[in-house]
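Chain A is already provided as a structure; the job is to place chain B on it using the hints.
Heads up: the sequence lines are chains A and B, in that order.
Residue numbers for the first sequence follow this note's numbering, so the first one is 525 and each next one is one higher.
Residue numbers for the second sequence follow this note's numbering, so the first one is 525 and each next one is one higher.
Keep in mind the hints are simulated off the structure, nothing from the lab.
Be careful, since some hints might not be right.
Simulated coverage check for chain A against chain B, where a stretch passes if three residues somewhere in it have a Cβ under 8 Å from a Cβ of chain B [as the list claims (entries may be wrong)]:
| # | stretch |
| --- | --- |
| 1 | 538-547 |
| 2 | 605-612 |
| 3 | 720-726 |
| 4 | 854-867 |
With the Cβ distance kept under 7 Å, some of the chain A side facing chain B (calculated, not the full set) [said to hold, decoys possible]:
| # | residue |
| --- | --- |
| 5 | Thr582 |
| 6 | Val592 |
| 7 | Leu593 |
| 8 | Ser596 |
| 9 | Lys639 |
| 10 | Met641 |
| 11 | Ser643 |
Here are some chain B residues the structure puts well away from chain A; computed CB gaps all over 10 Å [unchecked claim]:
| # | residue |
| --- | --- |
| 12 | Leu527 |
| 13 | Asp586 |
| 14 | Gly597 |
| 15 | Arg610 |
| 16 | Thr620 |
| 17 | Arg622 |
| 18 | Ala650 |
| 19 | Val669 |
| 20 | Ala713 |
| 21 | Glu758 |
| 22 | Asp837 |
| 23 | Asn918 |
| 24 | Gln922 |
Beta carbons are placed, not taken as given, at the ideal position from N, Cα and C, and that holds for glycine.
There are 2 protein chains.
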Amino acid sequence: MALFVQKFGGTSVGDLERIQRVAERIEETIRAGHQVVVVLSAMSGETDRLMRLAHEVTSHPDDRELDVLLSSGERVTIALLAMALRGRGINARSFTGRQVGIVTNSSHTRARIAKVMASPVRQALAEGVVPVVAGFQGVNERSEVTTLGRGGSDLTAVALAASLKADRCMIFTDVAGVYTADPKVVPSARKIHKLSYEEMLELASLGANVLQSRSVEFAAKYGVPVEVKSSFQEGDGTLVTHEDADMERAVVSGVAGDRNQAKITIVGVPDRPGIAADLFSAVAGASISVDMIIQNVSQGSLADISFTVPRTDLPRALPMMEKAKTELGAQTIEVKDEIAKVSIVGVGMRSHSGVASRMFQALSREGINILMISTSEIKISCVLDERDLDSAINALHQEFALNEPVQD
Amino acid sequence: MALFVQKFGGTSVGDLERIQRVAERIEETIRAGHQVVVVLSAMSGETDRLMRLAHEVTSHPDDRELDVLLSSGERVTIALLAMALRGRGINARSFTGRQVGIVTNSSHTRARIAKVMASPVRQALAEGVVPVVAGFQGVNERSEVTTLGRGGSDLTAVALAASLKADRCMIFTDVAGVYTADPKVVPSARKIHKLSYEEMLELASLGANVLQSRSVEFAAKYGVPVEVKSSFQEGDGTLVTHEDADMERAVVSGVAGDRNQAKITIVGVPDRPGIAADLFSAVAGASISVDMIIQNVSQGSLADISFTVPRTDLPRALPMMEKAKTELGAQTIEVKDEIAKVSIVGVGMRSHSGVASRMFQALSREGINILMISTSEIKISCVLDERDLDSAINALHQEFALNEPVQD
Chain A
525 MALFVQKFGG TSVGDLERIQ RVAERIEETI RAGHQVVVVL SAMSGETDRL MRLAHEVTSH
585 PDDRELDVLL SSGERVTIAL LAMALRGRGI NARSFTGRQV GIVTNSSHTR ARIAKVMASP
645 VRQALAEGVV PVVAGFQGVN ERSEVTTLGR GGSDLTAVAL AASLKADRCM IFTDVAGVYT
705 ADPKVVPSAR KIHKLSYEEM LELASLGANV LQSRSVEFAA KYGVPVEVKS SFQEGDGTLV
765 THEDADMERA VVSGVAGDRN QAKITIVGVP DRPGIAADLF SAVAGASISV DMIIQNVSQG
825 SLADISFTVP RTDLPRALPM MEKAKTELGA QTIEVKDEIA KVSIVGVGMR SHSGVASRMF
885 QALSREGINI LMISTSEIKI SCVLDERDLD SAINALHQEF ALNEPVQD
Chain B
525 MALFVQKFGG TSVGDLERIQ RVAERIEETI RAGHQVVVVL SAMSGETDRL MRLAHEVTSH
585 PDDRELDVLL SSGERVTIAL LAMALRGRGI NARSFTGRQV GIVTNSSHTR ARIAKVMASP
645 VRQALAEGVV PVVAGFQGVN ERSEVTTLGR GGSDLTAVAL AASLKADRCM IFTDVAGVYT
705 ADPKVVPSAR KIHKLSYEEM LELASLGANV LQSRSVEFAA KYGVPVEVKS SFQEGDGTLV
765 THEDADMERA VVSGVAGDRN QAKITIVGVP DRPGIAADLF SAVAGASISV DMIIQNVSQG
825 SLADISFTVP RTDLPRALPM MEKAKTELGA QTIEVKDEIA KVSIVGVGMR SHSGVASRMF
885 QALSREGINI LMISTSEIKI SCVLDERDLD SAINALHQEF ALNEPVQD
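For reference, chain A alone in the conformation it holds in the complex (with noise of 0.2 Å):
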C-alpha cells in the first residue's frame, strides 16, 4: 500500500463530466489498495473570470480580496469531487486551505508557504477518508486568506506530499510529461522518464511551463518524488527525482527555448569601479531579474553594458536605464527585442567535457550567430535572434540524439 498525492489542475476539474473523469481513477487507485489525498485547482477559465469581475469593479482591486475572491474557486472543485467520490461509494471529504493547515506568509496573492499542519489529513486517511484538498490557496498567521500565485495548486501537493512522505506526488496535466524539446518544435521530441531536481528546475525556469520552479525547488528541499502525467490518457509521465545512476548516461536531458528576452545596452558608459553595481540594484530593486550580463571596454575608457531581462518587463526597465544613463554619464541606450535565449540542460554535462563546444558547432553549421552566452554546471545558454529559435532547438536536439530513447 503506496501512499499517493494526486494533483489534477483546472483543465482536468473543467466540466462535470471530467470531475467524474478524476472521480474514477481516484477510484481506481482506491481499490488497488493504495491511499490516495487529492489536490485541485479550480475550474479552468474560472481564475481569470473572477479577476475581470475584479478589475471591472475598481482599477487596483485590493490584494488581500482579492485572494478571498480567488480562494471561493477550488471551495466548488473540492466540494463537487467530493460529491461525486461519495457518490461511488468512497468516504471522501474537502479540505480548505486553512482546514488542511496551510500556514503561509501574509504576501496576499503570492504567499509563500511557512509550515504545513497536515495533521487534519492524516487524521482523514487514518479514519480511511479520501481528503480533497483545495490547491493554491492558504491562511497566514491571523488565519485571512491568502493565495499561492501561479502554479499554486502544484506547490500546495508538493508540500502536502512532503508533509506526509508521501511516495508520490502526481501533478496530473494535459501535457504526458516532460519532452525533450516542446514538441510542437521538434516531432520528433521524446517523453523522458527520468528527470533530476536540478533539470526541471533549469527547465522550468526555461519556460518549459509544465511545473513551476518553487514546487520543484521545494520538492527537491524534501526529496519528494514528483511524477507529471496526462490526466486524459493512461501511462506513465515524468518522473523528476534525485539524480541517480540512469540519469549519469544522459548528457543533455533536453532542449528548451524562451522567447521572453529582450536585450538592453548601455553605450558608452565611463569605465570606473562600482558602476554595474549601482545599475542593476535599480533594476533588481524594481523585481526585474536581469539575466545575462555582458561587459566590455570598446573605446578607451568607456564601457559597454549589455544585459537580457525578460521582455514583458521591458516597459518598467527602460524609463530606469533612461535615469541611469543620465547618472552614469553614458552615451546612448540601444534596446533589441527580438532575440530568444536556447538551452541544453542535463546533470551528465558535469562528467563530459567538449559539450559547450559541440553546441557552438551545431549551432554554427545552421547559420545561427550566437549574441551572447552563459553557463552553469548542467545547462548552456546562448541568447541569439528570435527568428533564429526554431531551427537552434531542432539542430540541438539533433545533435546531442534527444529523439533516441534512453535505455533504462
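Chain B only, in chain A's frame:
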C-alpha cells in the same frame, strides 16, 4: 453617529453595476457620519447554479460538502464589494462567516447559530474599517463550514446587529417593505410603517416572504429594530420593532394569504383517548408541521379528524396517514388540496373585541364558505377554497380600512 447593519440580498448584488450601487449607498451612509456593517448574500442565481451542479454530480449530494460548495458564493460578493468600497476611498474589509465568528451547530445546510463572537468586526469598526460580512454561513465547533438555510443572510444580519448592539438592522430587498396585503392581489395595499415583532412573525409564517421567521424571532429575542426597505429606491421601509403606542391604533395591520395548504381528513376513527397524540407524533417526527386540527365525533363513537399541512408536504404525509389508518382502524382518508388560508394580523385585536365576527361577516357577504378557523392573540385565520382567496383578501382589506394611512 449611529451603527447600522445593512444587509443586501442576492438581487441587490446580482451584477457589477448593482454592486457599485450598493457601494454608493454605503458610501452615503458613511459620509453622513454613521458606522456600517455590511452583510451580503451570493449573487442571485448563484446558489441555484451550484445546487444544480451538485445534483448533476450525484443524486444525493452530501450535506457537509454542499455547505462547502454553497459558501463559495458569498466569498465572491464580499470580496467584490470590499474592492468597490476601497476603490471609492473607503477602508473596507471582507469577513467570511468563520472570520466574523458565527458559530453554529453541525446541522449542515440548516445550521442554527450557537453564538456570535463579533470581536473581529468590533475591532474593525474601532479601526475605522467597514466590515463586509458573508451572510448565510458559519462554522461549527470543529471549524467546519455550515450554512444557515433559506433566508440565512437575514439571520446573519440580525444576529450581528444583536451582538454589536447596532441601532438598526436594515434589510435591503427588492420590495419596498411589508404591505397591508400583497399589492398584486390588492392594488390599494399600503406599505406598513411600523410593525411589532409578533405581527411580523405571524405575517412571515403566513407567506409574506419578506423576512424569514427565524430572523424575526432572533430580532424579537434581542430587541433588534429591523427595517425592511428597497435597495432600488429611496425612502423609508417598514420598521419591525417592539410594540409601542403607535401600533395600538391599528386593530388589523395586514391581511395575508397562503396557498401552500392541504387538508387531510381521517374518517371514522374509533374515539378513544390518545388517538390524536399517536397520529400527530408520527407526522411531527417527519418534520411536517400540522397547522389547524379539528376533531368531531360524527357517528356514534367514531370521530373524524381533519388537519392542514403545507401542500408541499402532502406526498410525504399521505403514506404516513395510510399506515395510521390501518393501525387506528379508521375507515377512509380524504384529501383536499385546493384550499388556502387567509389571515388578519394585528396587535390591536387584543384590546378590541368583535374582530373575528367582522371578519366572518365580511367573508360571508362575498359568499365565501369558511372550512376551518383558528385564532391566536393577534391573528385570526380561515381556511377556504383556493379560488376564493383573492376576493377574501380584498374583502378583508376593505373591511379593516387598510388602504387608509395610519396617523403616526
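Hint by hint, which ones does the structure fall short of?
3, 4, 9, 10, 11, 13, 14, 15, 16, 17 and 19
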